[in-house]
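Participant: Join the two chains into one complex using the hints; note that each chain is given alone, in its own frame.
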Amino acid sequence: MFRFFFLFLLICWGLPVSSQTWLPLQYDTLPLQQEFIATGYGDYHSNALPNNLTGRLLFGGFIDPAIKDKARDRQREVNRFGLDVHTEFEYRNYRGKLFGNEQWGWLVKAGAYATGGAAYSEDAFGLVFYGNESYLGQTVDLSGTSVTFTAYEKIGFGAINKRTKSSIALNIVNVSNTFKGRIHEGELRQAEDASDIALSVDGDFTYTDRSRFSNGIGLAADLDFRIPITWMKGQTAYIQVMAKNLGFAYMNGGMQSYSVDSTYHYSGFDFDQLTGDRSVFSADFSVLDSLGILSERGQRVMLLPGFIQAGKIIDDQHTGAWQSFFGIRLYPTLPSNPMLYAGANWRPLSWLNVGLSGCYNGLGTFIVGTYASLQAQSWTFGIGTEDAIGAVSRSGLGKSLNLRLRCKF
Amino acid sequence: MRFSPVGLIFLGMLLLFSCRKEKASWNSAWSVPLVSDTLDLNNLVADSILSVDPSHFYQLEINRNILDLSLADYVEIPDTLIVQKYAISASLNIGPGMSFVNNVKDHYFDLQTTQLKKARISSGKIRIEVQNPIETGTIFTVELPGVTQNNQAIQRTFQAPAGTNQQPGMVSQELDLSGYFIDLRGTNGSGFNLLQSKMTVQTDPNGGSVYINNQDSMKFIVRMEDIKLDYARGYFGNLIVSDTADLQVDFLQNITGGQLDLPYTDIEFSIRNSIKVGARATLTTLSNINQNTNQSVDMNHAQIGIPFNIEPASGSWNSLLETMRTILFTSANSNIEGFVENLGGEQRLGYKIELNPWGNVSGGWDEFFPNSRLQVRMKAHMPLSAALTNLTIQDTFALDLKQDQDKSHILSGLLKLRVSNTFPLQGRVQLFLLNAQNQLMDVINSPTDIASSVYGMDTYNALQMAKSELNFNLSESTLGHISDVAKVVVRVVLNTPDPSSGMSQQVLIPEGAFMAIKLGSSFQLENRF
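Same order as they appear, the protein sequences are chains Z and V.
Residue 249 is where the first sequence starts when you use my numbering, and the numbers rise one by one after that.
Residue -2 is where the second sequence starts when you use my numbering, and the numbers rise one by one after that.
Heads up, some of the hints might be wrong.
[Stated by the list, open to error] Not everything, but these chain Z residues come out facing chain V in the computed CB check (under 8 angstroms):
| # | residue |
| --- | --- |
| 1 | 443 |
| 2 | 446 |
| 3 | 514 |
[Said to hold, decoys possible] Below are the DSS-like pairs computed for lysine-lysine, each with C-alpha atoms no more than 30 angstroms apart in a straight line:
| # | chain 1 | residue 1 | chain 2 | residue 2 |
| --- | --- | --- | --- | --- |
| 4 | V | 122 | Z | 316 |
| 5 | Z | 318 | V | 82 |
| 6 | V | 404 | Z | 647 |
| 7 | V | 399 | Z | 316 |
| 8 | Z | 647 | V | 20 |
| 9 | Z | 647 | Z | 428 |
| 10 | Z | 316 | V | 404 |
| 11 | V | 399 | V | 376 |
These are computed hints drawn from the structure, not numbers from a lab.
Beta carbons are placed, not taken as given, at the ideal position from N, Cα and C, and that holds for glycine.
If we strip away everything but chain V, and leave its shape as in the complex, we get (with noise of 0.2 angstroms):
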């Protein structure tokens, strides 16, 4: 084979310029902030429940609704279908103007061992319908005399067209029902579920005569729907509440192992009643169950599953009066401390709540409100100190960094901490990295603390304040697998250590105390292109 010497010129050339084997890179320095922010109280709890005692301490004053239960949510009246007709006797000969139907009726709800008398209707609606069937114009007037407001009863009159039994003459028309009372008593007035409807027809005065016959039924129909009461009378049957809650403590749950050493400190629950019924309550459990550790401690108390009354409110609209039963729970009459200290992030309460359970007592005369409310309320009110020895906080992310080593990528680096702090707590950081099978891949470590504001030699308004510095060390082999790492566990370990003996002590949180962090970083890029 010959080449030409321009075609080995040629050929060297391809062969000199058509191969690059590898991509230009460099090693570059870089230092960037990453979080800079301060950290109090406000950012772990909600402000509700923190206050400042006299001398300038948090304290924890936790004031919740356990249980708010109106009585409105059980006592109703159900989307109720009520037709009322009327036929004729004999054949008749009409003539115009003339009324033939005169009729009243009670309608009977079925509520079950409710018995109601009376009634306020906060919101709904009735539709009203009405059907004539026979061959000239009638004019209907339906009236609800139990329905009122202002005292005027429900009346409306309807022209009907004509028509026959096959196809009557039909009008209708819709009405809200707010704000109407319902008199449930029936014609008699002495009755319980029952509403009372009247209605008369009239021939057309301008029609013609017609010839009717018992075949011929006038029709109303009354829809009521969606029908909610803020009043109610009468006697509202022996009904049963009973539940059991679990109230989740996120943060509690994130913590994974030493001890919390809390104050003297109580609770306690109260029972409030604004209802006109009497009552019987149990609190059947209390329970703080911690899932790390699978310690479960129950409250133990005197009152914890034996049933106690609530009495029946008093007076009426403006003048209702509430009772109130208390249940203290102390370190003297229970285990609430090591009930708190088991730091379970899961707290179980279960209840039991029984209206009327002596039957119809009051002769009919059980009575809510529209601010009638049975509530659970927990108070606790302690001072915000503890003594933590190695209390271990936890908790897990996601991360998903995706580095790769044929591009641009960190080859090491080290994030800085810098902190601030005015908590008498002593904290060490360390980072777990997990893979996707939570199989452990590295860990990072600071060789220092966050020093806790005791040993401070600063002060910030007044508060004394701490400065350290922690760096995690990014090896090359940490970075080199990094895109394997989906969790990452950061583990925070407290102490409120005395300043003399460096033993655990109880320390109160001072007012104004916050943690100002920032975090930065310093890694060296290997840039590659």
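Pulled out of the complex, with its shape left as it was, chain Z reads as follows (with noise of 0.2 angstroms):
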């Protein structure tokens, strides 16, 4: 599973795409003839997990016990962690009259998006990263441990307003690997010599157990309103609002569950449990009938993790050198709060923009981010983080990287 995301993620950002849809997005409302845009995007981010812990668990390296304790001391009751990346390739086309209509358009777009979050206990961080022998003679709370994690692809068609760009378009997903599981309520209590363990745990797994290219087919919809408005001294503005990825994918490649809801006491094996035909190494022992654990596969429909965006955007035709921005944020399927945004534009020259923003990430905590937007004649090419301190800190917590290329024409 993390093989294949590491894969992805390599993939993903080894590709000369990037954006995000906050950051350095100038609305052009002048009529266009065809609009080319690549965006793609990359964002991990926790409410306590350092970057030179989270950098090692994504790109390799030695964990030595000084990050650890650095981390440990960042960790909270709740702790959260979300990712998302992305790739996305569109092509708009204004010349067209979709189905005789003057007014609209048609697009075609295609990309790929991997997307997970996860919330653990101070405790579950502790047992992962110290083991048990840090908690002897205690009780590990491991309640609310959550994990999430979906990998698709989609293809869509849809149309496009020639006048104020807003579109929508319908997208056929292919969902490759997707896992989900959560530990509703869970304990760990030990001896202080080790000699006993009891765990309680009420809580499911699911996962696509088949490592193929698709494990799932679906439908998304991808809405995109540019709505005017009138703003400060009269002019106008525009407020976006947008739903990316939001439908479902029926798992016709089956999915696997584990769900268990047991208390189990352990203080090591007798010798007839590990000697004879009945032993628990023998070919017929079950360890998941012996544990209590219910196992089912099935196939299932799914939501998939799209997201909910409301906003003020930038007008890139805007005459003044300032404008601001900001927006909320939802992703309806993740562990996380809502992320509130704002920020500002200014563009010193005609072919340059660059931005500060601010955002509640929707996991407890606040980062500013920055960004830049040249123009060269018909192309367009951004660069951003929202997270500018985790850019260059190791103790920010989190990384975000997003690059956009748009050529109109």
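Facilitator: Here is the structure:
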């Protein structure tokens, strides 16, 4: 699972694209003939995991005790981690008349996405990175720990309004890989001398257990509405309401599920359990049965990890040097709160935009982002990060990079 | 070559992120219990050979059948096919309902030297078939006068359809013979191995007249199958049963060194005969073979190799009285202590038993009954006491632990063995790791021993108890090549020290003695992914 994830990450970040939906987007209200946009986005953030730990987790390297100790000091009662990596290509044609309608052009798009999140307790962090010896004679609380991840690709077709640039697209989605797990209630109790372990757990885990390109097929909608409003000094500003990858997938490849609601008490095997035909090593011994873990395999429908966003965007035709942008974004399927962001865009030169933003990232931390956007004839290239501190600091709580390449003609 | 600025940025990102040269890794410390159990003598030996003496110490009482011979396995009636034919000597015209065959015949069983006169069948079956070659229906009456149950002989009547010599009319029936007696003395009552049969044939009273000639042969066929006897009388012949049995005692085969000093002991062999037949027996050999030391000790006793007579049993069904002959091996008349202290895991016992060595001296009145046996039983009685001096027990177990250094693996560890011991035994435990070629790769020692209860400061249920903790260090070096380990030899060196002198002493095992074991592990795990 992790190998797949890393592979996907590398592929995505190796592609010459990237973007994020709220940083360097300049809304161009001019009539256009055609437009090509390549975007890419890579972001991981946490409210408690410093970059020198997550960097090694993601890119390799030894996590020494000093890194672990500093990370443990930052753990809270509830900790969150989120990850979003995607790449997308979009071609917009404004010359055509969709279904004979002069107002509407058409667009095609394709993309690949990996989205995940996790919530975990302070004890869960300690158990994973320090082992159970740190908790002898204590109770380890694992309740509320959850993890979710989905990797999928899509290809879509839609309509775009030639004047407002509002669009709607319907995508066919292929789900390559997904897993989701949660410990509703979990507690590990250990004797002082490690002679006795008791584990109470009520949880479940579901995953695609077959390694293949397509484990599920689905439909998702992309909506992008640009709404003009009257802003300060009577100027027109634009509110963007968008939803991306909202839909579902039918996992026709099947998913394996395990669920458990039991208390286990273990103080070592007795000799009868270690020897003979009925030993724990015999061929007919089932770990799942003996632990009372329910196992089920079947096809099911899952929600795709899309998001909804609403906010004021930058108007490319704005004549002033300064513009504000702000908004809110929500991932309904991830264990995070709604994101809130706001920032200012400065255009010192006609071909240059730079910006600064602040964001409550939904995981419990506030991050400061920045970006720059350059225009050269028909080309626009934007690069930005949502976490400027994380980009340079080991003690930052995440990293973010987004790129956007646009060609209008 | 020229790159655009955008191309350079993308190329840089590609180089930056596409090379993940190593896995993420970190170390964590884990403690996990592995084994928790309590061993007592019931785990090591069968309950039936242990008892407790009035002083509350265990003693061994071995009472084991070495031989249990039933003559039913040797005296038997083989699967037999009896065919009786009858043909008239001249041509006749026979009317309806007319009897024209009344034939009695003795059939001989070839039982070699056995001469059976009477027997009872414990299980088996008989199948009777009649064949009618004449052109009218016939009524066959088949009788076996010597095969009776509740004094009633087997008699069966068959309605055989009309037939020809080429295609006779046939009918058959099968009968369970369990519980039937067979008189094998024949028609004149003085023979042996003879089964009498009688056949009468009558034409169908409702049929027509038929013409038969001397070519028409009436026939019945009797098949006796799977006959087992539980009673027999007669002369059972000169039967010789001999064998050399190897009795394996697995536990003793694990003793590879050291000395065992046993107290005075004795072993009794009793030969019991509840068969009414005389016999002569010889204990040809009794050896203790230690395969670890290649030492073999033969039992020296005046009776070894010398035949002795076994008297026949007396009485009858419910009044059967067995005869018994006893051979006692003691320290006074044999080398039994040296025999046992050889600690051989293989006991070889050779014997020869000859029935009727003097011929048919009973006049054909040899008998065996359902509960008749010729048994050899071994009894040993000794206090469970021994002095052990570096008595070494070892066993080898297959081990298949794979550690991939490129995946999560154990870096180093410690096995912690905590023992609460109420046995007066002191033990040193060593683990030897061998590769597939049996080459020694590592030795894992504990600096401490399992302490004998004689040094114990605690008591449990009035038993003196010593507690000890043994630590076995699993170094990085050991775990680095654990994947090459194919076997682990566990060696325990036992002593029975005197608490004051430290010298080995004879010790008794107190009633309820146990050894509580808790094996735990503590290890450093390198997590890699």
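Participant: Against each hint, give a clear statement of whether it holds in the structure.
Facilitator: Hints versus structure:
1. With a least beta-carbon distance of about 5 angstroms to chain V, the hint placing residue 443/Z at the interface is held under the 8 angstroms criterion.
2. The restraint placing residue 446/Z at the interface with chain V is violated, with a minimum CB-CB distance near 12 angstroms, outside the 8 angstroms limit.
3. Given hint, residue 514/Z at the interface with chain V, holds; its Cβ is 7 angstroms from that chain's nearest Cβ, closer than 8 angstroms.
4. About 84 angstroms separates the Cα atoms of residue 122/V and residue 316/Z, which puts this hinted pair outside 30 angstroms; it is violated.
5. Simply put, residue 318/Z and residue 82/V have alpha-carbon atoms about 108 angstroms apart, too far for the 30 angstroms limit, and the pair is violated.
6. Between residue 404/V and residue 647/Z the CA atoms are separated by roughly 27 angstroms; this keeps the pair inside 30 angstroms, and the hint holds.
7. Under the criterion of a C-alpha separation no larger than 30 angstroms, the hint pairing residue 399/V with residue 316/Z is consistent with the structure, at around 28 angstroms.
8. In summary, the hint linking residue 647/Z to residue 20/V is supported, as the alpha carbons are separated by about 19 angstroms, within the 30 angstroms threshold.
9. Between the alpha carbons of residue 647/Z and residue 428/Z the distance comes to roughly 24 angstroms, so the proposed pair stays at or under 30 angstroms and holds.
10. Of the pairs offered as hints, the one joining residue 316/Z and residue 404/V holds, with about 20 angstroms between alpha carbons and a cut-off of 30 angstroms not exceeded.
11. As the CA atoms of residue 399/V and residue 376/V are separated by approximately 49 angstroms, the hinted pair breaks the 30 angstroms bound.
Of the numbered hints given earlier, the model fails hints 2, 4, 5, 11; all others are met.
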